[in-house]
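One letter stands for each residue in the lines below.
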Amino acid sequence: MTNLEKYKYDVVVIGAGGAGLRAAVEARESGLSVAIICKSLFGKAHTVMAEGGAAASMGNVNSGDNWMVHFRDTMRGGKFLNHYRMAELHAKESPDRIWELEVWGALFDRTKEGKISQRNFGGHEYPRLAHVGDRTGLELIRTMQQRIVALQQQDARDHGNAESHMKVFSELTVTEVIKENGKVAGVYGYWRESGSEVLFEAKSVIIATGGVGKTFKITSNSWEGTGDGHALALKAGANLVDMEFLQFHPTGMVWPPSVRGILVTESVRGEGGILTNNVGERFMFKYIPEVFKNIYADNEAEADRWYLDQDNNRRPPELLPRDEVARAINSEVKAGRGSEHGGVFLDVSKRLSAEVIKKRLPSMWHQFYELAGVDITKEAMEVGPTCHYVMGGVEVEPDTAAAIGVPGLFAAGEVAGGMHGSNRLGGNSLSDLLVFGRRAGMGASEYAKKNSENPVSDAALKAAAARIEAPFSRTGGENAYSLHAELQEITHNLVGIIRTGSELQEAIEKIAAIRARSANIAVAGDRKFNPGFHLAFDLDNMLLVAESTAKSAILREESRGGHTRDDFPGMNNKWRQVNHISSFDGDKVSVRAQALLPIPKELFDLFDIHELEKYMTPEEITKGGSN
Amino acid sequence: MARKLKLRIWRGDSTNGALQDVVVDANEGEVVLDVIHRVQATQMGDLAVRWNCKAGKCGSCSMEINGKPRLACMTQVSAYGDDETITVTPLRAFPVIKDLVTDVSFNYRKAMEIPSYSHPANLKPGEARMEQIDVERSQEFRKCIECFLCQDTCHVIRDHEENKKSFAGPRFFIRIAELDMHPLDTLKNRKKTAQEEHGLGMCNITKCCTEVCPEHIRITDNAIIPMKERVVDEKYDPVRWLGSKIRKREGIV
Ligand SMILES: Cc1cc2nc3c(=O)[nH]c(=O)nc-3n(C[C@H](O)[C@H](O)[C@H](O)COP(=O)(O)OP(=O)(O)OC[C@H]3O[C@@H](n4cnc5c(N)ncnc54)[C@H](O)[C@@H]3O)c2cc1C
Ligand code: SF4
Ligand code: SF4
Ligand code: FES
Chain A
1 MTNLEKYKYD
11 VVVIGAGGAG
21 LRAAVEARES
31 GLSVAIICKS
41 LFGKAHTVMA
51 EGGAAASMGN
61 VNSGDNWMVH
71 FRDTMRGGKF
81 LNHYRMAELH
91 AKESPDRIWE
101 LEVWGALFDR
111 TKEGKISQRN
121 FGGHEYPRLA
131 HVGDRTGLEL
141 IRTMQQRIVA
151 LQQQDARDHG
161 NAESHMKVFS
171 ELTVTEVIKE
181 NGKVAGVYGY
191 WRESGSEVLF
201 EAKSVIIATG
211 GVGKTFKITS
221 NSWEGTGDGH
231 ALALKAGANL
241 VDMEFLQFHP
251 TGMVWPPSVR
261 GILVTESVRG
271 EGGILTNNVG
281 ERFMFKYIPE
291 VFKNIYADNE
301 AEADRWYLDQ
311 DNNRRPPELL
321 PRDEVARAIN
331 SEVKAGRGSE
341 HGGVFLDVSK
351 RLSAEVIKKR
361 LPSMWHQFYE
371 LAGVDITKEA
381 MEVGPTCHYV
391 MGGVEVEPDT
401 AAAIGVPGLF
411 AAGEVAGGMH
421 GSNRLGGNSL
431 SDLLVFGRRA
441 GMGASEYAKK
451 NSENPVSDAA
461 LKAAAARIEA
471 PFSRTGGENA
481 YSLHAELQEI
491 THNLVGIIRT
501 GSELQEAIEK
511 IAAIRARSAN
521 IAVAGDRKFN
531 PGFHLAFDLD
541 NMLLVAESTA
551 KSAILREESR
561 GGHTRDDFPG
571 MNNKWRQVNH
581 ISSFDGDKVS
591 VRAQALLPIP
601 KELFDLFDIH
611 ELEKYMTPEE
621 ITKGGSN
Chain B
1001 MARKLKLRIW
1011 RGDSTNGALQ
1021 DVVVDANEGE
1031 VVLDVIHRVQ
1041 ATQMGDLAVR
1051 WNCKAGKCGS
1061 CSMEINGKPR
1071 LACMTQVSAY
1081 GDDETITVTP
1091 LRAFPVIKDL
1101 VTDVSFNYRK
1111 AMEIPSYSHP
1121 ANLKPGEARM
1131 EQIDVERSQE
1141 FRKCIECFLC
1151 QDTCHVIRDH
1161 EENKKSFAGP
1171 RFFIRIAELD
1181 MHPLDTLKNR
1191 KKTAQEEHGL
1201 GMCNITKCCT
1211 EVCPEHIRIT
1221 DNAIIPMKER
1231 VVDEKYDPVR
1241 WLGSKIRKRE
1251 GIV
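Heads up: the sequence lines are chains A and B, in that order.
Per my numbering, the first sequence starts with residue 1, numbered consecutively.
Per my numbering, the second sequence starts with residue 1001, numbered consecutively.
It is possible that some hints are incorrect.
What the hints assert, rightly or not - Derived lysine-lysine pairs resembling DSS-like cross-links, with alpha carbons at most 30 Å apart: (1) A/Lys-92 to B/Lys-1124; (2) B/Lys-1207 to A/Lys-167; (3) A/Lys-358 to B/Lys-1207; (4) B/Lys-1143 to A/Lys-115; (5) B/Lys-1068 to A/Lys-115; (6) B/Lys-1110 to A/Lys-528; (7) B/Lys-1165 to A/Lys-528.
Source of the hints: derived by calculation from the structure; they are not laboratory data.
In isolation and in its complexed conformation, chain A is listed as follows (with noise of 0.2 Å):
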C-alpha cells in the first residue's frame, strides 16, 4: 500500500453530467478544494444526450406561468408520490438555475422579445422548457465544463497551479465510498486506463452518478447508467426510495439491433404519426381509458380530424400520457400482433408529404435514413418503448440534498429519489440536476466547513484493494459479458413495463441466482484498459439495482407511473401515503414501507379540493394539509 495512489480533497463529487458538474461549480465558489471524478472523459456525461429542454416557469412565453403552476404539474406527473419539499424547491428555483447558466455564457435559443425561448411538452401547462434546439444536455454540460475551466484559469492566477483547487479525474471509476466511525472518510476506484488503484480522502462526497439504464436489455441511457451510485450509496449504508418506478419511453427504435432503444422523438406522433400493428389495426383506440374518453377520438375519421380542426375534434390516442402509450405497444407485441422486430409500426409517410416531413422532423429522417436505412418519407418505422429513466434513488434531505443515514454523504440528479415521485415529466430532470446538483454543492461544503479530517484506516484500504483484486485472481469463472446479456433478459421480461407478482418473485430468484455466479467472475488480459474488468465492477452495481426494483415492485400492489402490475391494475389511495425504502446489509436488499409526509397546508391549497380526491383517502382530504 506504501505505493498508492492518494488524493486529499474537502469534497469529492462522483460524476461529471449536469448534477455533478453544478455541485462541484457551488463547492469551489464556496472556497473549498475539490476533486470530480466521471468514468467518461470530461464532457461527455450522459447529460449531453438530453434533448428537449430544462423546465423553469421564467414565463416568458406564457406570463400566467409561475412556480406553483410548476409545482402542480410536477406532483401531478408524480401521481402525487414525490418529496412534496422537493418539488417545491425545484419548482421555485429552476428559473435562477437556467439565467445563472447565461451568465456563465450558455446560448439558449429566444423568442421574438429576446428572451430564452420556452416550448411546450407532455404535463406542463404552459410553454416551460428553455431549450437550444434539440440538444439542450450538450449546452448544459458545455457551459459547466467551461465554468469550471473559468474557475480553474482563477486558482491559476491566484495560486500559480490550474488544478491546485479543483480537479477532474476522467475515465476513473469509483468502486467504494469508505467509512471512517461511521462517517464518510473518502471513495476508493480505479482509473479505467491503467487499471491501477487511487484514495481520495474526503469531507464529504457527493454521488452523481445518473442512472440505471443499462439494467434493462433495451434503453435509451448510455453506458454509464449501470447505477453505480445506487449501489455506492447502498453498500455505505444509505437507502434508496421508490426504486420500483422507471419511466419507459414509448417510442424507441427496435430495429437494426445497433440502434435499438435510441430515443423516436414525441413529435413525430405530434406531427400525426399513427401507429399500427401487425395486421394493419390502428390499436390504441382499443386503448383509450375510461378517465380520458371525453378528450380522445374512438373512431379514426374524427381523430384525422382533429389535425385540421382541434377546437370540434377530439384528439387522436396515440397522443396519449407517455406510459398509456408504452403499455399499449407492449400489450399488442406480447399478444403476438407485433412487429418482425418486437415493435409495432410508426407512419407518418400517410399523412404527411416527403417534402414536410423533412422540414419538420429533420433529426428523425436523419436518424433512420442513416442508421436503419428506413426512409420515414416512405415507410412507417418500428418502434417499441425503451428504459429512459429511473425515478427512485438515494434517499435525501431535500434542503441540502444529504443522504439520510450516512454523515458526509450526499446526492444529487438522476441518482437522487424523491423528486419525480412515480412519473417523470420530461423536462423536469435538467432543472433537477442544476437544483439539486447546486444544493448538494452547498450542503457538502457546510459539512465540510464543519467536520475535520477523517482519516482512512488500514484495514479500510485493504479490504477495498482485495475487492478490485479479485476478479483476476480467478480462471475459468463465469464471463460478465454473458451474465450482464442474462440480467438484461431477466429484467426485460419480468421487472419491465407490466409486472405480475408471479413474475417478479421469479425474478427475484433468478437476480439471486446471477449474483451468486456473478462472485466468481473472471477476467481476461491484465488491468490495463480491460472493458471485461470494467463490466465486471458495473454489473454488481446492476445487480443490486435490480434486486431493489424487483423487492419493491413486488411489494406495491397497485398500478401508478412508471409501475404497472397486471394483477393490480389502477392507482390505490392507500398506496399514495408509502414509500418504499431499499436498504442493504451486506448481503441482500431489503425493502420495507415508509409513510410519506404530509403536504404542509399552504401547498395543499394550491390544489382544487376535487383534484386531491382523486389522489387522497378522504382522511386525508378532511385533514387538509398537515398543519
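Since the structure of chain A is provided, determine the placement of chain B with the ligands on it from the hints.
Just chain B with the ligands now, kept in the frame of chain A:
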C-alpha cells in the same frame, strides 16, 4: 442476414503494436462500434475502445476507419463492400494508450489556454436580451461534441508534434470564434490573440477539418476565414475594429 466481416484492428500500446485480423459476425444495419463490441464480447475481452452514448452525441468513439477520422457509432458496416476488410486504428494525432484508445489530453490543455467567457458586469441574471439571429452564429459552434476528429485530421499537428505547442487546432478556433461572436462577451482582442497566441496563422485553410466534422460545423468558412479576414482588417483599419465591437454590444439592452 448475418455475414462474416473481416475486421483488422490495431492492437497495442505506447511501446508497440500491430494490426490483427479477426472475422466477426455482422448483422444488418450494424455500425462499426457494434462489431467492435462483438469482438470484445466473444474474442478479445480486453480490447480497448472508448465510447459512451452510441448515438453520435458525445464524441467519444473517434477512431480512424480505413484511414479516415470517423465516429465508430455513426459508421455503418454496410457502407463498405461485402468483401472489403475494414481497418480500424486509433487517432493518429494523439498518443496511443491502448488499442483504439488515445490520450486526448492535448485538447483539454488547449481549452485551458483560451480565456473564458466574460459576462457584462452590470447585467444581472435574467436581464440578458439577445436576438435569435445574433445567437445563431455562436450556436453553430456550440454544437461541437468535442470528438476531436478535426484536430486529428489537421495536417498542422497530425504528423508534427512540434507544432502542438503553438497551435490550438480547429476545435479551439471555433471556440474562440464562438466567444468572439457571442453577443454579450466583453473580452476584447479575441481574434488578435487567436492569431498571435493560438496559431491561427499556421492554418492554411485546407478545409480538411470541415470535411470530417460529424456535426457539419462549417469550421473554415464560418470561423477560421472570417477571423483571419478580420484580423487583417483590424490591423489596418482601427475605425472598423471599433465598429465591430460596438455592433457586438448592441445585444445588450
Ligand atoms: C435520450 C435522452 C434524452 C433526454 N432528454 C431529456 C430532456 O430533454 N429533458 C430532461 O430534463 N431530461 C432528459 N433526459 C434525462 C436526463 O438527460 C438525465 O436524467 C440526466 O442527464 C442525468 O444527469 P446526471 O447528472 O444525474 O447524471 P449523468 O449525466 O448520467 O452523469 C453521470 C456521471 O457519473 C459518472 N459516474 C457514474 N458512475 C461512476 C463511478 N462508479 N465512478 C465515477 N464516475 C461515475 C459518469 O461518468 C457521469 O459523468 C433524457 C435522457 C435521455 C437518455
Ligand atoms: S483548414 Fe486549417 S485548421 Fe482546418 S484542417 Fe486545414 S489547416 Fe487545419
Ligand atoms: S468541430 Fe466538429 S470535428 Fe471538431 S471536435 Fe467539434 S464536432 Fe468534432
Ligand atoms: S459513442 Fe458517443 S459519439 Fe459515438
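Against the structure, the hints:
1. About 18 Å separates the Cα atoms of A/Lys-92 and B/Lys-1124, which keeps this hinted pair within 30 Å; it holds.
2. Of the pairs offered as hints, the one joining B/Lys-1207 and A/Lys-167 is violated, with about 35 Å between alpha carbons and a cut-off of 30 Å exceeded.
3. Annotation: proposed proximity of A/Lys-358 to B/Lys-1207 holds, straight-line Cα distance about 28 Å (limit 30 Å).
4. Distance hint between B/Lys-1143 and A/Lys-115 is fulfilled; the C-alpha atoms sit about 21 Å from each other, no more than 30 Å.
5. Pair hint B/Lys-1068 plus A/Lys-115 does not hold up; C-alpha atoms about 42 Å apart against a cutoff of 30 Å.
6. Restraint check for B/Lys-1110 and A/Lys-528: satisfied, since their Cα atoms lie roughly 27 Å apart, inside the 30 Å limit.
7. Taking the CA atoms of B/Lys-1165 and A/Lys-528, the gap is near 29 Å; set against the 30 Å cutoff, the hint holds.
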